[in-house]
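Position chain B against the provided structure of chain A, taking the given hints into account.
Chain residues, written in single-letter form:
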Amino acid sequence: MPVTRIFYPLYQLGNPQLRIFRPKWFLTLVRPGKAQPPDVAQFRVPMEMTKYDIKNYLEKIYNIPVAVVRTRIQFGSNKKRNHLNQKVKQPDYKVAYIQLAQSQTFTFPDIFPEKDRKPAEGSMEELTEKYMEDEKQKQKSDPRRGGVTEWFGL
Amino acid sequence: MSGCHEPWPENLTHGSFVHTEAVVKEPNYPPILPSLTAKSKSARQRQVVEHVNKICAAPLAEKLSLVTRIQWKKYVVYPQTFARNADKWYQHLTKTTYIPGLPEKFRSPESPEKTTEKEGSESAAAPAAGLDIDDEAFAVIRDLVTQIILQEHWHTKKHTPFLYRRQELLVGPFLRNLVTELTFTLAKFNPLFRLCSLDINPQVNFYWRRGQRIIPRGHRKGRQEPTRFQIDDHPNCQIRITEQLPQFAQMEAFYDAEVPEITVSPDKMPLFKRQYDNHIFTGAKLPDPARYGHTQFHLVPDQYHRDQMAKRGHSDHVEVFLRANAMASLFAWTGAQAMYQGFWNHEDVTRPFVSQAVITDGNFFSFFCYQLNTVALSVETDANNPRKNALWGTESLRLYESVKDGEVLGLDDGVIRLLISFLMNKP
Numbered sequence: 331m332p333v334t335r336i337f338y339p340l341y342q343l344g345n346p347q348l349r350i351f352r353p354k355w356f357l358t359l360v361r362p363g364k365a366q367p368p369d370v371a372q373f374r375v376p377m378e379m380t381k382y383d384i385k386n387y388l389e390k391i392y393n394i395p396v397a398v399v400r401t402r403i404q405f406g407s408n409k410k411r412n413h414l415n416q417k418v419k420q421p422d423y424k425v426a427y428i429q430l431a432q433s434q435t436f437t438f439p440d441i442f443p444e445k446d447r448k449p450a451e452g453s454m455e456e457l458t459e460k461y462m463e464d465e466k467q468k469q470k471s472d473p474r475r476g477g478v479t480e481w482f483g484l
Numbered sequence: 050m051s052g053c054h055e056p057w058p059e060n061l062t063h064g065s066f067v068h069t070e071a072v073v074k075e076p077n078y079p080p081i082l083p084s085l086t087a088k089s090k091s092a093r094q095r096q097v098v099e100h101v102n103k104i105c106a107a108p109l110a111e112k113l114s115l116v117t118r119i120q121w122k123k124y125v126v127y128p129q130t131f132a133r134n135a136d137k138w139y140q141h142l143t144k145t146t147y148i149p150g151l152p153e154k155f156r157s158p159e160s161p162e163k164t165t166e167k168e169g170s171e172s173a174a175a176p177a178a179g180l181d182i183d184d185e186a187f188a189v190i191r192d193l194v195t196q197i198i199l200q201e202h203w204h205t206k207k208h209t210p211f212l213y214r215r216q217e218l219l220v221g222p223f224l225r226n227l228v229t230e231l232t233f234t235l236a237k238f239n240p241l242f243r244l245c246s247l248d249i250n251p252q253v254n255f256y257w258r259r260g261q262r263i264i265p266r267g268h269r270k271g272r273q274e275p276t277r278f279q280i281d282d283h284p285n286c287q288i289r290i291t292e293q294l295p296q297f298a299q300m301e302a303f304y305d306a307e308v309p310e311i312t313v314s315p316d317k318m319p320l321f322k323r324q325y326d327n328h329i330f331t332g333a334k335l336p337d338p339a340r341y342g343h344t345q346f347h348l349v350p351d352q353y354h355r356d357q358m359a360k361r362g363h364s365d366h367v368e369v370f371l372r373a374n375a376m377a378s379l380f381a382w383t384g385a386q387a388m389y390q391g392f393w394n395h396e397d398v399t400r401p402f403v404s405q406a407v408i409t410d411g412n413f414f415s416f417f418c419y420q421l422n423t424v425a426l427s428v429e430t431d432a433n434n435p436r437k438n439a440l441w442g443t444e445s446l447r448l449y450e451s452v453k454d455g456e457v458l459g460l461d462d463g464v465i466r467l468l469i470s471f472l473m474n475k476p
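These protein sequence lines map, in sequence, to chains A and B.
All residue numbers in the first sequence are consecutive under my numbering, ending with 484.
All residue numbers in the second sequence are consecutive under my numbering, ending with 476.
Chain A on its own, in the form it takes in the complex:
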């Protein structure tokens, strides 16, 4: 089924307030590109969400105390061209900066920590690595010559 445009009714004083029970909106927590203060978390949110929507979403569903929400819309570039020389648009997205209340702090965790890659003892990888290292050592010139080329001499 194609995605049809959803029009939310405009709220006027006295109207029943809109309540969404199972929102179709999904937030993405991202690592900030530029350094943010310690109490700020950065999310990519759907374009239709407003600051109040984001605040209610985080407070009601995830119990996160939110003090202030600031949003901006990032324009996705339309500059690149494909093999047919047509412009290819990268989608626009909305970014939300959430300042946490009750002096809580948040730092984006390191998802891909550096691992010490040491192959298991006696395995094929260890033998091949050792062999490659020995070959590289053979290629190097004698360190006692102090960088002087091989052909220079008597």
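The set of hints was computed from the structure by calculation and includes no laboratory data.
Be aware that a few hints might be false.
[Stated by the list, open to error] Computed beta-carbon distance windows for the label pairs:
| hint | chain 1 | residue 1 | chain 2 | residue 2 | range |
| --- | --- | --- | --- | --- | --- |
| 1 | B | 117 | A | 413 | 55 to 63 Å |
| 2 | A | 347 | B | 273 | 48 to 56 Å |
| 3 | B | 217 | A | 337 | 36 to 44 Å |
| 4 | A | 350 | B | 153 | 53 to 61 Å |
| 5 | B | 310 | A | 391 | 34 to 42 Å |
| 6 | B | 431 | A | 416 | 40 to 48 Å |
[Stated by the list, open to error] With a straight-line cut-off of 25 Å between C-alpha atoms, the simulated DSS-like cross-links for lysine-lysine are:
| hint | chain 1 | residue 1 | chain 2 | residue 2 |
| --- | --- | --- | --- | --- |
| 7 | A | 385 | B | 317 |
| 8 | A | 364 | B | 270 |
| 9 | A | 390 | B | 360 |
| 10 | B | 360 | A | 364 |
| 11 | B | 317 | B | 123 |
| 12 | A | 364 | B | 137 |
| 13 | B | 103 | B | 334 |
| 14 | B | 322 | A | 424 |
| 15 | B | 317 | B | 122 |
| 16 | A | 466 | A | 424 |
| 17 | B | 270 | A | 385 |
| 18 | B | 123 | B | 322 |
| 19 | A | 381 | A | 364 |
| 20 | B | 317 | B | 137 |
| 21 | B | 123 | B | 360 |
| 22 | A | 417 | A | 364 |
| 23 | A | 364 | B | 88 |
| 24 | A | 364 | B | 123 |
| 25 | A | 381 | B | 360 |
All C-beta atoms, glycine included, are put in the ideal place defined by N, C-alpha and C.
Using the frame of chain A, we list chain B on its own:
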């Protein structure tokens, strides 16, 4: 003869050596300085040094205009701001430590006794203890304060205030009347007030540099640029005096104090940049004799009133807002006073500049004292500068409970005492 060698050469043994003064040799050639006009780093450094020397040697009015001459994009710092944790940010930007409570001068002498004896009898017995006024005068001032409160909230008929203009209609006139009446009443006890200047809705501006950043894009990419700040403040009223108030504590006492360090750019506060004229102004122009500041009175606007903050769920932010307001306003005022005396970034203050502030929303009063120990905040001058500025402050204290049937209920004497002691501060 061979084999014997003299210990001293013959041509130098002329008999006795006469002690002579070292001959001062004047250099034959002028000192070797880097060029002024070459396209080199040393030439740029020499230009900067010459410019600084030129400013130091200039007379006062020219000095101010030379410091504020060139316009660049600068962060506009608003003392009354909605930003979260504004007090930590402003502490970093102005290099101020915050000390909760007031300096020893203003601490009530009854406080250790209050814990053991009844509060009512103690405060009723000696209401003017510790102040330089007699009990009669205190009673007169107390009546005066009740009259002023009733005048604005009971006697005068005011139309229902428009949205977010309640403070301007009700509390602004109350504060102005309070300050004028108290100043005139205390003029016979405080000789400073005979030559003071009471400004109504003055302007206070200050311009300074702190920190630097690398320019990310543009033809100046990769170079260091100092971050500039400007405060344009409008206190409700202020008192300026001809003599300086005495310092609250020694400058050296704050060498080890803690000032929060913030490594993130001020953009994230949020703080926005604009370019316009750089102003430095205490409230009056340079030739005015009342050059030093005494007390400023600020009004909390409707958006930052505690009821509005409670509606938005930011009740914990009320005190933060007051502290940030006091810090920025008083730093700007004392900084401008220091610049009016000729101290600037490269010529640091030789004596501390002291001012006070009272911030109120009509019912709750907060008292702040500020001591400016250093104006040298830019990168070059701040590298080895151990001095820090200091702000003392109280939590908000309630003046009265409510106004009912032409009576003010629950008037707090302690707050009136603090107000009077603030205004009675003199060298």
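Each hint, compared with the structure:
A hinted range of 55 to 63 Å holds for the C-beta pair residue 117/B and residue 413/A, which are about 58 Å apart. About 52 Å separates the C-beta atoms of residue 347/A and residue 273/B, a value consistent with the hinted range of 48 to 56 Å. For residue 217/B and residue 337/A, the hinted distance range of 36 to 44 Å is satisfied, since their beta carbons lie about 41 Å from each other. Distance hint check: the CB atoms of residue 350/A and residue 153/B are about 58 Å apart, consistent with the given range 53 to 61 Å.
The beta-carbon spacing between residue 310/B and residue 391/A, approximately 36 Å, falls within the hinted interval of 34 to 42 Å. The hinted window of 40 to 48 Å between residue 431/B and residue 416/A is violated, with their beta carbons roughly 55 Å apart. Proposed proximity of residue 385/A and residue 317/B is supported: the alpha carbons are some 19 Å apart, at most 25 Å. The hinted pair formed by residue 364/A and residue 270/B meets the criterion: a straight-line CA distance of about 18 Å does not exceed 25 Å.
Straight-line distance between C-alpha atoms of residue 390/A and residue 360/B comes to about 18 Å, which keeps the hinted pair within the 25 Å bound. Between the alpha carbons of residue 360/B and residue 364/A the distance comes to roughly 33 Å, so the proposed pair goes past 25 Å and is violated. About 15 Å separates the Cα atoms of residue 317/B and residue 123/B, which keeps this hinted pair within 25 Å; it holds. Between the alpha carbons of residue 364/A and residue 137/B the distance comes to roughly 20 Å, so the proposed pair stays at or under 25 Å and holds.
Between residue 103/B and residue 334/B, the direct Cα distance comes to roughly 23 Å. Compliance with the 25 Å bound is thereby established for this hinted pair. Simply put, residue 322/B and residue 424/A have alpha-carbon atoms about 23 Å apart, close enough for the 25 Å limit, and the pair holds. The hinted pair formed by residue 317/B and residue 122/B meets the criterion: a straight-line CA distance of about 17 Å does not exceed 25 Å. At most 25 Å may separate the alpha-carbon atoms for a hinted pair to count; residue 466/A and residue 424/A exceed this at roughly 51 Å.
Distance hint between residue 270/B and residue 385/A is unfulfilled; the C-alpha atoms sit about 38 Å from each other, more than 25 Å. Using a Cα cut-off of 25 Å, the hinted pair residue 123/B and residue 322/B holds, with the two alpha carbons roughly 5 Å apart. Proposed proximity of residue 381/A and residue 364/A is supported: the alpha carbons are some 21 Å apart, at most 25 Å. A threshold of 25 Å between alpha carbons decides the hint, and for residue 317/B with residue 137/B the separation of about 13 Å falls inside it, so the pair holds.
Between residue 123/B and residue 360/B the CA atoms are separated by roughly 34 Å; this puts the pair beyond 25 Å, and the hint is violated. Our distance criterion of 25 Å between C-alpha atoms is broken by residue 417/A and residue 364/A, whose separation comes to about 29 Å. Restraint check for residue 364/A and residue 88/B: not satisfied, since their Cα atoms lie roughly 34 Å apart, outside the 25 Å limit. Of the pairs offered as hints, the one joining residue 364/A and residue 123/B holds, with about 20 Å between alpha carbons and a cut-off of 25 Å not exceeded.
A hinted pair counts as satisfied when its Cα atoms are at most 25 Å apart, and residue 381/A with residue 360/B qualifies at roughly 17 Å.
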